[in-house]
Amino acid sequence: MKEKLIESIVENVLQGRRNKDDEGIEEDFAGEPGVAELVQEALDNGIDTNTILLEGLSQGMKLVGEKYETGEYFIPDMLTAAEAVEAGMNIMEPHLVGGDKNEGKGKVVMATVEKDLHDIGKNLVSIMLKGAGFTVVDLGIDVPAARIVEVAEEENAGLVGLSALLNTTMVNMGDVVKELEQKGLRGQVKVIIGGAPTSEDFAREIGADGYGKDAFAAIRVAEQLLQAKGES
Amino acid sequence: MSERGVIVDNPYERLSREQVELIDKTSLDLLENPGILCYHEESVSLLEKAGASVKATREGEHDAWWVRIPAKVVKKALETAPSIVTLGARNPENRVVLDAEGTRVHFGSGSETNYWLEVEPETYVSKQDGHERVFPVIKRNRGNVDYLCRSAHLAEQLENLDFFIRNINVQDEDITTENKDVNVFFASLNNITKPVIGGVADFNQLEKVVGMAEIIAGGKAELVKNPVVSFITSVIKSPLQVVAETAEKLIAIARLGLPVVISTSPQGGSTAPIDEMGMVAQVNAEALTGIVINQLANPGAPVIYGAVPVRARMDDLHDMYGVPEFCHYNMACAQMARYYKVPCYSTAGVGDAKVPGIQASVEKMFTFTAVPFAAPDLIHYAFGLLDKTQTFSPDQAILDNHQIGMAKFLQRESGVKAEEADRTKKMIEEVMNSPYRMYARYARKMLRRGQIFAGFPFEGDAEDQDQTLLMVNEKLKEIEGKEPQHLSEDICHRIFEKTPGLLPRLNPYSK
Ligand code: B12
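Each protein sequence line maps, in turn, to chains A and B. Take the first sequence: its letter number 177 is residue 177 in the working numbering, and every next letter is one higher. Take the second sequence: its letter number 114 is residue 346 in the working numbering, and every next letter is one higher.
Read the hints as simulated data drawn from the structure, not as lab findings. Be a bit skeptical, because a hint or two may be false.
[Claimed, not checked] Between beta-carbon pairs, the in silico distance windows are:
1) A:LEU117 <-> B:PRO324: 56 to 66 angstroms
2) A:ASP44 <-> B:ARG644: 41 to 51 angstroms
3) B:PHE367 <-> A:ALA228: 26 to 36 angstroms
4) B:LEU549 <-> A:GLU200: 53 to 63 angstroms
5) A:THR70 <-> B:ARG644: 46 to 56 angstroms
6) B:LYS714 <-> A:ASP28: 34 to 44 angstroms
7) B:ARG249 <-> A:PHE216: 49 to 59 angstroms
8) A:ALA228 <-> B:ARG365: 33 to 43 angstroms
9) A:GLU93 <-> B:PHE367: 55 to 65 angstroms
10) A:ILE120 <-> B:PRO716: 28 to 38 angstroms
Ideal placement from N, C-alpha and C gives every residue a C-beta, glycine not left out.
Using the sequences and the hints given, assemble the complete structure.
Right under this line is the structure:
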C-alpha cells in the first residue's frame, strides 16, 4: 500500500500531473489521481511527510533530472514536473508543523529587482528550486530592495535570489546586498544573482555570494550556499 | 500511396491562371515557329506522322530537320501522358508515387559531380595565444565508384532523401565507356533500397541496366509494376534542339514502359532568355517536346516533366543556383507541369559555394525554402551539391538533410482549425489563472507528439569558433559505420553472371 502510493507519486511527478484534471505526457491520464490527491491519500494513510518528500516528490524530480541529462526530457517537462511537486508541497504544508517545520532544503526569497519587468528566467528558477525541494517565496517583478530585505527577514529565509535582465537595473542588486548589511542581516542571508547581463565577476563586485547562469546552476549554487550555512 | 516526402498545404501560385495560359500559348507558338531543330531521324518521322511539318537541313557535319509541331500534337501527347507515375524501389515501402494533381513533394540527390570533398579534423596551434584548436580541413578528391557506393549508403540513411540519382562521376581507371553505366547502376542499387533514377551514358548498356533491374524486380512485368530504376534523358540541347543520341534512348525507354524524366537545363542569359517570361516559355516548350516524342513512341508511357532552368553568372557564364531568378523559373515550371497534369521534376538546394559554410548555407536554405512552395513532385540536386554541381560533399548532404527537414516542416498544414478554438480558450484561461502564467505544460504535449521542430542539431558550444562541420563530420562517420543494405547473395550472383563489365570488386559476396 505504502510502496504503491509512493511509487504513484514518483510516476505522477514524471508525468507532470498536479491533480486529477491534468493529462500525462504519453497518455491521457485525466481523471486519475494526480500528485495532490496522492499526497493527500498518503497523509491520510499515516505516511510521514519526510517519506513523501524524499521518496516520492524529490525522488520523482531526481528521475526527471536524469531524463533531462540524457536528452529524453526538455525544459517544459522539467517545469511541468516541478509544478506537480509544488502541488504536492502545498498539500503537505499544513502538516509540516512545529519548530522543526520542514522547509525542505531551505527557504529562498526570489525577486526581479526594481524597475525590471522581465520574469521568464526568474520564474523558471523559482519553479525549479521548488521542484528541487526548496521553499520559495516569489515576490514577482519590479521589487524594491527594501521590500526584498523585509520579506527575507520576516520569512527567516536563508537565501535571496535576484534576477535582472537590463544593464540599467542590475545595479539595483547591489542595493539589496547593502540593505541587508545595514539591517545586520548579511550574516544569515546569502544572496545569489542571475540574468543575462550579470556574471560571476559582477556578483563578486557587488558582494553577492553566488551567480547562476541558468536554473540548474541556481539549484547547485543554492544547495552549496544553504548547506555551507547549515554547517557553519 | 506513398507516404514519403511532404504534402504542401496550399501551394504558392506565383503565376495567375492568365499567366499560365499565356506561357502555354507562347510555348506552343514557339513550337510552331521557329519550331525545333531535331537531329534524330526517328523522332522526326514520329513527329511528321503525327502532323508536324518537317524541313531537312544541314548543321555542320550533321543532318538535321526543322520541325514545326502543331498545338494539337502537343495536346494529344498531354492527354495520353499519365498524371500518376510510380517510382519503384527495392524496398516497396520506399516507393514514390508522383501525382501531378496532388501536392506531395519528394527530395532526392543528383548530378554527376567530378569531385568528392573529404573533411578531416586537424589540430592547430594559435600563434597568438598558443592555444590548440581543431578545425575541419577540406580535401577535394576525384570521384570514383567507391565514393558512389558510399553515397548510396549515406542516402539510404538520410530520412529526408526520397530518391537517389547517382551523385558522383566515377573516374576509376578500370571504368570505361563500355562498362560505366552498369557499374554506376549496380553500385547504386546494391547500396540503397529507395528509388534509383539515372541517365544512361551509352545506349548499348541500356539493355544490360534494364536486365539487372529485372533480376532485382523479379521479371519484366514485375519491373514495369515496380520500376526499381527510372531514367533521365537530357534530350534537349537548349535552345530547342533535340539531340540524336538521347532521343534514341528516350524512345527505347518509352517502349520499355519505364518511367523517364525529360530533363532540359537551359541557362538564362546564354542558352535561354534570362527574363522569367522568356525562360519559362522556352524551357516549357522544350519539356513539352520531350513529352511529345515520348508519347508518340509509346502513348501512355510514364513520363516526367523535367525542367532545370538555371541562371548564368554574369562574370563567367557558369550556372547559378542560389539566386532569386532560379526560384522564379522553377516555381513557374512547377505550375506549368501541374497545369498539364504531368508530374514535375524540379531543383533546389545547390550551393554555388565551393565548400560547406556560410555562403553554401545561405544559397541552399534560400532555394529549399522557396521552390517546394510551388509543390513540384520531385526536387533533385538537393543533397550535398556545391560549386554549382561540380562537387559533392557528404558532410554537406547531412546538413542539407536537416535543412530539407526545416523546409518540410514549413510546408505543414496550418494548425488553425475550428475544432481547436475551445481547447485554445480553455488553455489560455487556465494559464491566466495559474501562478506563473507559463505555457510550458502545453508546449510539452506538442513536443511529445513530435509537433515541435527539434532545432539545429549541430550547434557547438565554443564561443570563438563555428563547430558545425566538425560535428557533422562525426555524424557522417557514425552513419558510414552502419551496415549496408546489399542485394542478396543470390541476386548479386545472377546479376554478375548476366552482366558483362561489372567490376568484381563491387560484389560484396566475392571472396
Ligand atoms: C522577453 C523579453 C522581454 C519581455 C519580458 C517578458 C517577461 N515576462 O519576462 C518584455 C517584452 C516585457 C521586455 C521588455 C523590455 N525589454 Co526585454 N527582453 C526579453 C528577451 C527577448 C528575453 C528574456 C528572457 O526571458 N529570456 C529567457 C530566460 C529563460 O532567460 P534569462 O532571463 O536570461 O534567465 C535565465 C538565466 O539568466 C538565469 N537567471 C535569471 N534570473 C536568475 C536569477 C537567479 C537568482 C539565478 C541564479 C539565475 C537566474 O536562469 C534563467 C534560466 O536559465 C531579452 C533578450 C535576451 N536574449 O535576453 C530582452 C532584453 C533583456 N530586453 C531588453 C530591453 C531593452 C527591454 C525594454 C527596455 C524594451 C523597451 N524599449 O521597452 C523593456 C524593458 C521593460 C522593463 N522595464 O523591464 C534588452 C536589454 C538590454 C539591456 N539594456 O541590458 C534585451 C537584452 C534585448 C536586447 N538585446 O535589446 N523584454
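Beta-carbon spacing of PHE367 (chain B) to ALA228 (chain A) - inside the hinted bounds 26 to 36 angstroms or not: Cβ of PHE367 (chain B) to Cβ of ALA228 (chain A): about 43 angstroms, so the range 26 to 36 angstroms is violated.
Range hint 49 to 59 angstroms (beta carbons of ARG249 (chain B) and PHE216 (chain A)) holds or violated: holds (57 angstroms)
GLU93 (chain A) paired with PHE367 (chain B), Cβ distance criterion 55 to 65 angstroms: holds (56 angstroms)
Distance restraint evaluation - LEU549 (chain B), GLU200 (chain A), Cβ atoms, bounds 53 to 63 angstroms: For GLU200 (chain A) against LEU549 (chain B), whose Cβ atoms are near 57 angstroms apart, the range 53 to 63 angstroms holds.
Consistency of beta-carbon spacing, ASP28 (chain A) to LYS714 (chain B), with hint 34 to 44 angstroms: holds (37 angstroms)
ARG644 (chain B) and ASP44 (chain A) - C-beta distance against the hinted 41 to 51 angstroms: Hint holds: Cβ distance 48 angstroms, inside 41 to 51 angstroms.
Distance restraint evaluation - ALA228 (chain A), ARG365 (chain B), Cβ atoms, bounds 33 to 43 angstroms: Check passed, 38 angstroms falls within 33 to 43 angstroms.
Cβ separation of LEU117 (chain A) and PRO324 (chain B), checked against the hinted range 56 to 66 angstroms: holds (59 angstroms)
CB-CB spacing for PRO716 (chain B) and ILE120 (chain A) relative to the 28 to 38 angstroms hint: violated (48 angstroms)
THR70 (chain A) paired with ARG644 (chain B), Cβ distance criterion 46 to 56 angstroms: violated (28 angstroms)
Figure legend: structure checked against the earlier numbered hints; hints not met, in rising order: 3, 5 and 10.
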